[in-house]
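Chains A and B, in that order, are what the protein sequence lines are. Per my numbering, the first sequence starts with residue 1, numbered consecutively. Per my numbering, the second sequence starts with residue 130, numbered consecutively.
In short, the hints are calculated from the structure, not lab data. A hint or two may mislead.
[Claimed, not checked] The following residues of chain B were derived to be distant from chain A, with all beta-carbon distances above 12 Å:
1) Asp-755
2) Glu-827
3) Val-962
4) Thr-964
5) Ala-1143
6) Val-1260
[Claimed, not checked] Chain A regions said to be covered by chain B (calculated; three or more residues, Cβ under 8 Å):
7) 16-24
8) 72-84
9) 98-108
Quick reminder that beta carbons are idealized off the backbone N, C-alpha and C, glycines included.
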Amino acid sequence: MPRPGDELAGLKVLLIEDNFLIAEHLRGALENHGCAVVGPAPHVKLGLALVEAGLDGAILDINLNGEFCFPIAEALAGLNVPFLFLTGYDDRAIIPPEFRAVPFLSKPVEEARLVAAVAAFGSTRNGRS
Amino acid sequence: MARSKADAEDGEERSSATVTPVVGIGASAGGLSALETLLPAIKPDSGLAFVIVQHLDPDHESALSTLLERHTTLPVSVIKEDTSVEANHIYVIPPNASLTIIDDRLHLSPPAEQRGMRTPIDGFFISLAEARGEKAAGIILSGAGSDGTLGLRAIKEHDGLTIAQEGAEYDGMMRSAVRSGMVDFVLPLAEIPPKLADYFQHLDGHKLQTESQAAAEALSRICALLRARTGHDFSGYKDKTVARRVQRRMQVLQLANMQEFVERLRREPHEVDILLQDLLIGVTNFFRDPQAFSALEEKVIPRLFDGKGADDAVRVWVPGCSTGEEAYSIAILLREHMPKGQAAPRLQIFASDIDEPALQVARIGRYPATIAKNIPQKRLERYFLREDGTYRISPDLREICLFSSHNLLRDAPFSKLDLISCRNLLIYLTTELQNRLVPLFHYALNESGYLFLGSSENLTRHTRLFSMVDKPHRIFRRRIQLERRLPEFPLTAPDNARRKTASAQRTAVEQEPLRSLAERQLLDRYSPAYVIINAEGDVLHGSGRTGKYLELAAGAPRIDIFSMARQGLRPDLRAGVHKAVSTGHVAIQKNVVVGTNGGRQTIDLVIHPLRISGAHDAIYMVVFQDIGGIKTSEDTEASTSEEDVESANLRQMELELRTTKERLQTTTEELESANEELRSGNEELSSMNEELQSANEELETSKEELQSINEELQTVNSELHARVEELSRANSDIANLLESTQIATIFLDRNLNVKSFTPAAKDVFHLVESDTGRPIGHVRARFQADTVQEDAERVLRTLATIERQIEGANNGTRYVMRMVPYRTVDNVIAGVVLTFVDVTKMSAAEARISELTRDLRDRIQSLETLLDMVPVGILIIQDSRHLDEIRVNRYGAQLLGEGVKNEAGGGPRLMSANMRLLQGDHELSGDEHPLQLAARTGRNVANFEGQLLRRDGGRRDVIITSTPLVDDDGKVRGGIAAIVDISERKTAEARRQVLLYELQHRVKNILSTVSALASRTLPTEGSLVPYAEAFQGRLRSMAATHELLSRGNWHGAPLSELIATALRSHVAFDRSNVAIQGPDILMTPPAAATLGMVFYELATNAVKYGALSVPGGRMSVSWQIAGPASANRLVVTWTESGGTPASHSAAPGFGTTFVKRSVEYELQGKAEMEPAADGLRWSLEFPFAQNVQRT
């Protein structure tokens, strides 16, 4: 069990995950590190409703109960919000070419890796501002 | 003497370089073989056009052009009307036509005259001469008769070239031409074409310079040569005339330099004769200079008939008549003005020339059609006969004219003439010759006869002899001169001739009648002296002893009497003459004293007008009558001694004299009458001569006709000969053909008798040569021949062909027998032809072929069946030239989406439309398709992968392999392609990929869920044992749900099963106390996973704390569909009773929270729990959408 901290303090991150248990687990982990979690949202419609909440980043599960999350990814890219994919797929081939460079984490994820990836949103954000 | 047409030609210089020379070739009998030798020698690029005029039978089609084509590479064509003449062409006259050339075009007209009289060669050559001038050549080949001679003459007159064939088979035409002197060369056939080429080349290359001093000298040398050789003196001719003819000769001889020509003349005297001949060529026209002729017609012709009665003749002389046009022109005028009726005088025109060939032409009286432009239509119709493109003088005009060979300068002139027409002859003579000639004309004419000269000729020095009638048109009238003396003869120089004339003159003196001698003596001695003058005072004649009154005046001698009058005479003479001229009466001047030698003579001067009948101008006799003697200063009287004796003697002598005189008178009269008789005898002879001459001419004409007919016959004969030759050649060809084909052939006549047969026929029938004429039925055949007779009869009856196979009696030979009717060229059935073709080998071969064919067909059929059975599309291009003709097998057609009947076999069929291929998103053009590529370029295309666009719009993934088809020569002739449908493989691959992704996704999600579950449940419990139990229970529940889904092949899981499985995972589950009720509903796999866990939590709570935790507790689970059809919802009610009531105070555990939150989160639904008195009630509600697979 990793030690909680505040590495993610001040970051507002959208979480898209269809599985309730996993979503709760991730939210718990992120909040333990001081992150403000928006969502979690289990499907695209809700996810799209949340993208304009002044996000610093987003974590997207690709397969949302049979539908793909890419419309949300497009919306985020349009708003210059950084995001990463957190998915059961091992193969990036499923991802459309324009998002192949997006950070890609495979489930189940180690908490430290997730935190480090989300922390990178912060540095991007700092670099932006 | 000839006259040239020099003046007419000067204005006719042609731009010769641009004109194609035309060579006319005239031929008749024997002409065909001559042409066959001549034509091969003509070079194809000679630049000349050749026109062949052959005498042809007018009633037969001529094969001449066909026969000639074999002997030349030049194009040969039969002339049609208005054919244009081109260089390096040969034109042949068609039968029954007259040919002329005008400018560059050949014209045909129907011949007007009966056969036998026709002269088509002349007709064409004359028009050729006028159309081409020096750019014309005429060639006379073999032929009898004289056609062509006139034509060559015309060509030569117009400075063209004339050639005759040497060694002609029939040399009549050629001889006639050579005799006329009109032929420049007589050559063997093979040398004619080179000569033509050289001549025309030289013609273009050299134009002679005749103006230079050197040329003049050369000319005078030529004249000297001419005089020496021929006796003709052309030095009097104008240089230009001579030069023109010299130039022409030089062109013929191809000499560039006059000096060379002189040398040639010196070396070859024969050349001098030829030059003379050329110099004598001349041309005159009818009514040349029409105005002059109309003046003549108006002022002279009518007067010629004045005072002439039926016994008289109007006599006209035309010296230098050449070919007779002028003579005939005058004859026409005379005819038209001749008084009608019995009293008409005879007309006689003497026409003379030294050019015998020209006279020949004149006598024939035939002229080219071009004369029509000089002669009014009326005269043409009246005086000419149209004859085969020429005009012939009508006989009544012809008989007026008498043509004779006569040298004006050497022979005695005709006399007692009323008119001399001598036009354009004097201009060729020197003044000296002219001066001698004019008195000759004066002598030849009757008193007041007329002289008609050419427009550039004049008589200014001879006003004494001739007076002017019409100055501009040179018509003169003879003045009267009492002394009519034959001028000195001949007029030309040779001195021996002069001597002869002198003696002739003496003779004439001796023969003078005595009476006139006496009278003259008397007049001389005893009558007064007199002179005869004309009105102007010119002395025309004088008696002797005029010396007393007249003397030569000082200075140049003049014949004017006034200037000659002696002292004292002149005033009275002048007065007297004036008086006589003005009054017309005798004038006498008396006692005129004339100063004469050493004294004075008194005379009476009588001027007496003399009236001579027919004379147009008066003359006067001036008589000097002496009165007394000459008075000198001492006037002596004559003594008269012995006067009586002497006077007696004198009387006697006078008597004798008188007797003698009387006798003389009688003798003189006798002599005169004898003279008269002689003269009339002479006249009779002359007329008889004329008659003979015309009879001779007639004979000549009929001879020509005969020759002409003969010639035509010969032509026909030679053509016939050629045809016979051709026929026999064809015959032998046929014989050889029959021999070589080895086809047994038998010809039968209408009665089915054997007419002839080929040697091979003996193999089929027992035929021998003597069987000819026997019925075919009697000839034994070497095969089963029952039907031959019958078949032949049927062929004759039906005219249909019979063909059948027959078998030879022995050794198995087979024949095809054909029977056809025998048709003659005129399509008359004249029998039957039987042919037997040996087909033994052929039928064996045929059998073999059909066997092989059958085998081949079987194989092809198997292959085609195979082709249709293989599950590979096969496309074939048979022919590279037709890339769009593609045949396709059955599978291929189906692949392409073509409608194919569902039956096997039939082989590849033609594709109904082009197929479309995609490679990625790019559609290939027709040429890029693998099959076309292979068929076009011969390259193999291996494993091309692409998408086939079917007719119905569907797409199939295919692999195409194509390879070219190559013919025997290794050339690409087509292509073949195999198409394999790989669509299903591709689909399977894609589906596998999807499954793989799904698997990854599910496994990882499960692991994540487990991981989350593990971390979630861990800290809330104190001991690890119950935690492990709970965790394991949850994992089992998940596994059970998965098992359920797997059983349903991951399509979904039935709701009832999910509930049952959740309950069954707790052992306490018993059917009797649990009720599960609701319609069959299949949940989607995610919904099933969620609900599986939800029901597990609910069941766990029920077993641990709820209705199932106590005995007698019951529970029921039911569900129903609610909401409107568009938004169906599922409501699941979980009811527990008979247990302990649910506690409200206690904080909700993980299970309860999980149920509520996960239904909300994952199913977008709602879960609520209501506690009851002995249990609780869960109500789960969520939308159909996403969660329910199907009801």
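Right, here's what the structure says about each hint:
Chain A leaves Asp-755 (chain B) outside its interface by the beta-carbon criterion, the shortest separation being 169 Å against a cut-off of 12 Å. With a minimum CB-CB distance of about 125 Å to chain A, Glu-827 (chain B) clears the 12 Å threshold, and the non-interface call stands. Remark: the non-interface label on Val-962 (chain B) is consistent with the geometry, its nearest Cβ contact in chain A lying 91 Å away (cut-off 12 Å). Interface exclusion of Thr-964 (chain B) from chain A stands, the closest Cβ pair being 86 Å apart, more than 12 Å.
At the 12 Å boundary, the C-beta of Ala-1143 (chain B) falls inside the reach of chain A, the nearest C-beta of that chain being 9 Å off. For Val-1260 (chain B), the shortest C-beta to C-beta distance to chain A comes to about 21 Å, beyond the 12 Å cut-off, and the non-interface label holds. Requiring three or more residues with a Cβ within less than 8 Å of a Cβ of chain B, the coverage given for the region 16-24 of chain A holds, as 7 such residues are present. Coverage of the region 72-84 of chain A by chain B is violated. Counting CB-CB distances below 8 Å, 0 residues qualify, and the rule asks for three or more.
With 3 residues having a Cβ less than 8 Å from any Cβ of chain B, the region 98-108 of chain A passes the three-residue criterion, so the hint holds.
The structure does not agree with the numbered hints 5, 8 stated previously, though it agrees with the rest.
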